[in-house]
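Going down the list, the protein sequences come from chains A and B. The first sequence: position 109 = 919 (this note's numbering), numbered continuously. The second sequence: position 277 = 285 (this note's numbering), numbered continuously.
Simulated from the structure, these hints should not be mistaken for laboratory data. Accuracy of the hints is not assured; some may be wrong.
[To be verified] To give a feel for the contact side, a few chain A residues facing chain B, derived at Cβ under 7 Å: (1) Asn1066; (2) Asp1076; (3) Ile1077; (4) Leu1080; (5) Ala1175.
Glycine included, C-beta positions come from ideal geometry on N, C-alpha and C.
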Amino acid sequence: MKLHEYQSKLIFSKCQIPVPKGRVATTSSEAKQIAEELGGRVVIKSQVLVGGRGKAGGIRLAKSAEESEDLAAHILSMEIKGLPVRKILVEEAVNIESEIYLSITNDRSTRKPVIIGSASGGIDIEEVAQQTPEKIIKVHIHPLLGLRDYQGRDIATGIDLSRQHWREFGQIAQGLWQIYKDNDATLVEINPLVITSEGRLLAVDGKMMVDDNALFRHSHLAEMRDLDIEEESEIEARKYGLSYIKLDGEIGCMVNGAGLAMATMDIIKLFGGEPANFLDIGGGAGSEKVAAALRIILSDPNVKSVMFNIFGGITRGDQVARGILTALDEVQPQVPMVIRLVGTKAEEGLKILEKSNMITATTLADAAKKAIAAAKEGQ
Amino acid sequence: MSILVDKNTRLLGQGITGHEGLFHTQEMVNYGTRVVAGVTPGKGGEWLLDGKIPVFDSVRVAVEATGANTSVIFVPARFAPDALFESADAGISLIVCITEGIPVQDMMRVRNYLDQKGVRMVGPNCPGLLTPGEAKVGIIPGNIAIPGNVGVVSRSGTLTYEVLYALKEVGFGASTCVGIGGDPINGTDFIDALSMFEADPNTEKVVLIGEIGGTDEENAAEFIAVHMTKPVVAFIAGQTAPPGKRMGHAGAIIEAGSGLAEDKIKALKAVGVRVARHPEEIPSLLE
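With the hints as constraints, model all of the structure from the sequences given.
See the structure below:
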């Protein structure tokens, strides 16, 4: 789950990471008031969860409180990459001397957190990593020991930070580690960490991503979720414990297991069709879950046929079949349905489904071909 | 012969008094696995499955009383890290963690601790292990595989069943099937399983089932090129998956590969691995 810049900065400021003065606003008059409090010269930053806000015109400098009101009104009326701007962050403008990059994230390959620093902050850090990898300094953190102070200094020397800033930089690095650990973050990033002309360090931008699996112990973070970035159908799916991603094709897929769901999409494509979605109904597919999944798949008007691929392992085929029958009864789908049921109690399941007019298939390839043919006929 | 589990496995189950854990324990016992103990804090002294399996309050006591050497974990995600630490501290040498949804920072702490102790973990978020005809540790349905000489290693769950089933349909059996799980931090990776299969005299060929994300398949390809004398057939799921949600900029920096299926397939083909276009094509590539 991604957090907004203003949410991240609130967390930063509680952990000794200095951020520019300012607040979030939802109206232009509010923005003007904040600008007046800050002395007029402010930066107005749209709060949307996409990259490239600056390039899209979503970050502007206002020289006076009056100008801030106009700019705020303009930015609040914008859509950036399809997302409406609902909130803006109004902050004091900062005189920038130089810009540093600093982050902590999970390094899958070493199975440890890693702290990453670069003297080339403020710009596209991926480009820096590709073109001048020597400018990226990485130090791995032992997950049981935490970030040690010397490791913070290793980053400071690695990026040629002058000695006068080491102490403050060390505090910021420790603050970042604390935030990473206490919030189960998968990424905490300051880009840029600015050295101001007055010689202070300041986190001018902040980004955080939090492990969805850990939200059970961070209810305050779970409440921060921005639903704008998700498809309505994906939100609906999550309610039922389904994993759903909408795609552009015409063949709806209902599968148990993520790997098998992907393999099912792949085989549809292999035989000349296009999958309309990824959907994993997970284990224990009762009728309520199956019905919800079917409703979600059919809410996509592009769907011309639906392919069920259920491998009864622990999930029993007869139970799934009953679930499907109930769901069909409730949803009354108008498109052809192909079912492949294999494994535990598959024969019993198929017998139950004889009453429905679903097309049955034995192999995965057979099912995909039939679903594609059915979609074409329906057109 | 086989890898990791066999007739000599003495299995202890953590969290097997719950509904799901109990169901799978029954399945494991029916398959012939020697389940010697269960551990559920607060339920020590009870017996499961008509008095066949004693329950203990702690793993340490269970190990002392029964000589268990392997543990399988069905404990819910929020308690699973503790169960893993407990097993490691009690001297269990192989832990199979079925639980899904464990926070990744917990797994980093667990994995680093287990490495220090020299304890092997399989999973989490995995279907477990199956050595057909000998032992089943986890939730892989026993009836979809027959004994044989194909080693199977997979990041997936039901897709693994699909492949085992496809193999069985044409008479191929498995030496051992290892479900390593789909989490970013796990205990056993492709390379671990491949090297065990390479050393196992009863494994003649290996099937590797990967999926998008991470660089495990690319790393496996490098390992295969240098260390594997046995033929490997692979399938990678997710060729049509939309580009995944990337982990911000920092993630992209440390993940050398793209995580895309096509790059994984390319890496595997480059070292002579035959890559199936769909799961049902795998048996024909083994012949």
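Consistency of the hints with the structure:
1. At its closest, the beta carbon of Asn1066(A) sits 6 Å from a beta carbon of chain B; the interface hint therefore holds under the 7 Å criterion.
2. A hinted interface residue such as Asp1076(A) counts as satisfied when its beta carbon comes closer than 7 Å to some beta carbon of chain B; here the least separation is about 5 Å, so the hint holds.
3. Interface restraint check: Ile1077(A) against chain B, minimum CB-CB distance 5 Å, threshold 7 Å, status holds.
4. The beta carbon of Leu1080(A) is positioned within 7 Å of a beta carbon in chain B (closest approach about 6 Å), and the interface hint is therefore held.
5. Of the supplied interface hints, the one on Ala1175(A) holds, with its beta-carbon coming within about 6 Å of a beta-carbon of chain B, less than 7 Å.
When each numbered hint is compared with the structure, no violation occurs for any of them.
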